[in-house]
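Chemist: Using the sequences and the hints given, assemble the complete structure.
Protein chains: 2
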Amino acid sequence: MGMTVVEKILARAAGLPSVKVGDVVEPKVDLAMSHENAALVINQFQEVFEGTGLAPKIWDPSRIAIIFDHRVPAESPKTATNQKKIREFVAAHGITKFHDVRGDVGGICHQILPEYGYVRPGFVVVGTDSHTTSHGALGAFSFGIGATEMASVWSLGIAVNIEVPATIKVVVKGEFPPMVGPKDLILHLIGKLTAQGANYKVLEFHGETIRKMSTSGRIAICNMSVEAGATSGIVPGDEETVRYLREEAGVTEAIPCTTPDADATYCQTVEIDVSTLVPQIACPHMVDHVKPVDAVAGTKVQQIVIGSCTNGRLDDLEIAAGILRGKKVAEGTRMLVFPASSKIFAKALDRGIVHDLMKAGAVVMNSGCGPCLGVHEGALGDHEVALSTTNRNFKGRMGNPTGEVYLCSPAVAAASAITGAITDPRTMN
Amino acid sequence: MGMTVVEKILARAAGLPSVKVGDVVEPKVDLAMSHENAALVINQFQEVFEGTGLAPKIWDPSRIAIIFDHRVPAESPKTATNQKKIREFVAAHGITKFHDVRGDVGGICHQILPEYGYVRPGFVVVGTDSHTTSHGALGAFSFGIGATEMASVWSLGIAVNIEVPATIKVVVKGEFPPMVGPKDLILHLIGKLTAQGANYKVLEFHGETIRKMSTSGRIAICNMSVEAGATSGIVPGDEETVRYLREEAGVTEAIPCTTPDADATYCQTVEIDVSTLVPQIACPHMVDHVKPVDAVAGTKVQQIVIGSCTNGRLDDLEIAAGILRGKKVAEGTRMLVFPASSKIFAKALDRGIVHDLMKAGAVVMNSGCGPCLGVHEGALGDHEVALSTTNRNFKGRMGNPTGEVYLCSPAVAAASAITGAITDPRTMN
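Top line first, the protein sequences correspond to chains A and B. Mapping the first sequence onto our numbering, position 429 (from 1) lands on 430, and the numbers just tick up by one. Mapping the second sequence onto our numbering, position 269 (from 1) lands on 270, and the numbers just tick up by one.
To be clear, the hints were calculated from the coordinates, so they are not data collected in a lab. Here the structure is a predicted model, which is why all the values come from computation and not from measurement. We put the CB at the ideal spot given by N, CA and C, even for glycine. Each hint should be verified, as a subset may be incorrect.
[Stated by the list, open to error] With the C-beta cut set under 8 Å, the calculated list includes, among others, these residues of chain B facing chain A:
(1) Ala12
(2) Ala15
(3) Leu17
(4) Val22
(5) Arg88
(6) Asp357
(7) Lys360
(8) Val364
(9) Asn367
(10) Leu381
Modeler: Set out below in structure tokens:
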């Protein structure tokens, strides 16, 4: 019987000829990622060795990536002290895939992993962050785990008690209309599946639209697969994956791609034609509360956010700059832009994108998670409304339980910045 | 009997032929500035009218400037809600000199006032911020007041119970040696006078070195005059003042400059020759704890900050980029750069300074006060050491009472970023 991509990856990583849905396996981990919550993992990791008489030892320091992104630069002495503790641990254990608070090699973990070629097709990637699903964009089986599980991975190099998940096949066809793109596709899909619709399952993306989609777009859709409840999203590795890793990440060694068998078994198949898709908005306070932009157009917005692991890449910033060039952010609306990494920031500088966004009135911030998690750099005031290209709009997201967060594409965000209200970018001149 | 500059300004503003030290006067205010603490002023202002049956009315909305800079973008819902309240007040009262959280017209209040030509020679400027002394750089008598006093200014347009201060004449001669500049001069002066040495007095700056100094350097020395206890620092308006206001602030109307009488009376005269000055460092935890750089060279530093109202201008960033170009910020040291305004950020973009600083590893942040006040964007971890171009190093500054803050010039900060320890920039290649 044929296997899906994830089944093939798990079989290889668990050293088995094949696996099927429901099997419990213990795959070797190819990459284990944490951000500032590495501080918790360190505590758990040290406990593993307590009373054993053994010094805490990481199974393979070269397979651990730690990226500071959630609170950079530190917003509080507590965060700064945590970061200091992690920095010392990283040095003591010889962890080289470490990205500190820096303007040259810093950024959001889900951007850094692809950008530096740390993730490859066929890898098993685990991360102490729910949007670890992002790395399925490069054909890896990549999912979020807790700090305790991560401590176990750091010690043993395997992920324990992994139940082989069922897979939903998502087939996407058609060409995106102008001002419509991958973010609209994934919002539409989440609305269709609901927030629990893909629980414990994998979303495996196929179809001509996916094949023609850039890695940036693929990261956006895999990133948000978790918002439909999925364990992971995955785009089987292909020519674009190889191109990205060669050209953008500088990978020189062989890049074998794992593809599903033609007779693989899927629990469900979803087909989407994007040629008739309109800009989508996830309304407060659920990501699956998705409506076409027209349904909420005109809603006044006090804060616009463009950035995050979902939509903070060069193409996203380029779309925003294209719409804002020569225009002004509305009075009374503030626009915050967070490039997903220092490298993206540098490219956006070189192309004049940062200049154009700032000239329009946008505040361009350091690379990092910014206000997405509501702890600094753009909290909402009481009863304020935000429109954001980020991935979650739960009550209290962006720091204020009386605030409301709408999610959208960079095009919708940029168009709305000009008017100060939710605006269909297809109606802009 | 002749008058000092401040005596002349106060006499004019109080409608008197002359004033002398110790007189109590009520000068008309030409400009009244607040930042986020306008929220407190609004409360006090509304109380003034309570029970009077009158609607709260500002004496002259065109003379009020409100600039968001201390916590931008808002680090907390409380700050965001305060900013929202101020934004509504500004709209309701027709205050036009309002600078919101924006990438085109935002920045630090003490940079915005000169940059937009809001402050002129001979003006009486009051601000609800201790570094309001900065605006003496343009020949204004400019000083900090509390929220209650400001509410009175908003209502009446005059500053009440102002005792004419004595003036210390500071005469500066000589040419700065390479890698030595205005920040070293003011640190040296504060060390010499002590933190209380100019209490209730004005520092009036004179001499060939001051005449040749750019407005940027003059802002730095007037900014920190308050750290010697001075009510205000002032550089009598001259050709450079007029040039700055014409060329950089776009002022077209006449710019009369007030100069002191030749027979003015000073309580003290201080003479400084900068030709033998070396880079100066203010050591923890007092601004007057000033030493030559050699005395503390080699001290390990975890955080470098370049920016603030003291040293976040284009020349400061240019000096830093000149030293860091083609080099790297040391591992384990983070470097944060805060341009003093959006306009400066834009110029630094256009000149490749932002690019060069980021390439070296510096994190370039949005314009604003950043970590200077320790509430976000770069708090220190426990027992960490910072080296900063800002103006205060009191215990707990930068958010952590166990941290230590050293103050220095942009040249010292940039050189130290490369080595990760306090470094004399004159020793760099």
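Chemist: A separate judgement is required for each hint: does it hold in the structure or not?
Modeler: Hints versus structure:
Restraint check, alanine 12 (chain B) versus chain A: the minimum CB separation of about 40 Å is more than 8 Å; hint violated. The restraint placing alanine 15 (chain B) at the interface with chain A is violated, with a minimum CB-CB distance near 37 Å, outside the 8 Å limit. The criterion of a C-beta within 8 Å of any C-beta in chain A is not met by leucine 17 (chain B), whose closest approach is roughly 42 Å, and the hint is violated. Proximity of valine 22 (chain B) to chain A is violated relative to the hint, the smallest CB-CB distance being about 44 Å (cut-off 8 Å).
Given hint, arginine 88 (chain B) at the interface with chain A, holds; its Cβ is 7 Å from that chain's nearest Cβ, closer than 8 Å. A cut of 8 Å between beta carbons decides the hint on aspartate 357 (chain B): the least distance to chain A is about 10 Å, and the hint is violated. Interface restraint check: lysine 360 (chain B) against chain A, minimum CB-CB distance 6 Å, threshold 8 Å, status holds. The closest approach between the C-beta of valine 364 (chain B) and any C-beta of chain A is roughly 4 Å, which is under the 8 Å cut-off, so the hint is satisfied.
This hint holds: asparagine 367 (chain B) has a C-beta 5 Å from the nearest C-beta of chain A, less than the 8 Å allowed. The closest approach between the C-beta of leucine 381 (chain B) and any C-beta of chain A is roughly 6 Å, which is under the 8 Å cut-off, so the hint is satisfied.
Consistency with the previously given hints fails for numbers 1, 2, 3, 4 and 6, ordered from lowest to highest.
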